[in-house]
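K.L.:
Chains H and F supply the protein sequences, listed in that same order. Going by my numbering, the first sequence opens with residue 7, and the numbers climb by one from there. Going by my numbering, the second sequence opens with residue 4, and the numbers climb by one from there.
Everything labelled a hint here was simulated from the structure, so no lab data went into it. Using N, Cα and C, we set each Cβ at its ideal position, and we do this for glycine too. You can take every hint at face value.
Here are the computed distance ranges between Cβ atoms for each label pair: (1) H:Gly-32 - F:Ala-47: 16 to 24 angstroms; (2) H:Gln-7 - F:Pro-45: 18 to 26 angstroms; (3) H:Leu-8 - F:Ser-57: 19 to 27 angstroms; (4) F:Asp-65 - H:Gly-51: 25 to 33 angstroms; (5) H:Ser-78 - F:Ser-14: 37 to 45 angstroms; (6) F:Gly-35 - H:Ser-78: 26 to 34 angstroms; (7) F:Leu-114 - H:Ser-36: 47 to 55 angstroms; (8) H:Thr-94 - F:Gln-19: 37 to 45 angstroms; (9) H:Gly-63 - F:Ser-98: 17 to 25 angstroms; (10) F:Ser-14 - H:Thr-107: 33 to 41 angstroms; (11) H:Gly-32 - F:Ser-14: 36 to 44 angstroms; (12) F:Gly-33 - H:Ser-78: 28 to 36 angstroms.
Examples of chain F residues lying across from chain H (beta carbon under 10 angstroms, computed): (13) Gln-9; (14) His-39; (15) Ile-53.
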Amino acid sequence: QLQLQESGPGLVKPSETLSLTCTVSGGSISSSGYYWGWIRQPPGGGLEWIGLIHYTGNTYYNPSLKSRVTISVDTSKNQFSLNLNSVTAADTAVYYCAKRTIVNTWFDPWGQGTLVTVSS
Amino acid sequence: QSVLTQPPSVSGAPGQRVTISCTGTNSNIGAGYDVHWYQQLPGAAPKLLIYGDSNRPSGVPDRFSASKSGTSASLAITGLRAEDEAHYYCQSYDSSLSGSVFGGGTKLTVL
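Just chain H, with the same shape it has in the complex (with noise of 0.2 angstroms):
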């Protein structure tokens, strides 16, 4: 059964880079007929769509945040990445990790999520 499961600082300085990553286990990163995603929820608030990576390097991100995100993939250790730069207050929330098919756009499973906030 394929689980993801979400690491990294849980409390990052304004101005400073966010950087998350998320382990997959229970099957391969490598697989061509996925996307792996990050999603994030403030606290209190809804759902919001990062961005996607497929295990070749292909990447799309929110154009809202493109000009601060980026998403790699190391297929090595069966991980991907998540780094934000600029982080101010607004980037404080819950960060997951999720799969998503190619062909179809929901995300199933999803990770635990991991709480990250943004302060000096």
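Put chain F on the given structure of chain H with help from the hints.
P.N.:
What follows is chain F alone, placed relative to chain H:
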């Protein structure tokens, strides 16, 4: 401001039926892109509830159903139970954004 519009809250008594609407535009739902629904229990990650407009993953009770028409979609829950109390989110694809979009979420309260 979410691209897809949902009511902030709905409520119903145990055993009753409730519906949650999700309104989009001609660049997402109205363009024919699939609508999916997620259930988020308190303190948990979202869980896929309905995919491809109206399909239930294995293990989701048939008390949950969904439909789509024009630029809107709706989720219906019949025979409300206390454990259905959660936030519900709709999701689709938007061609103008070239990516996924979500509704703002609806909190279901079981009275």
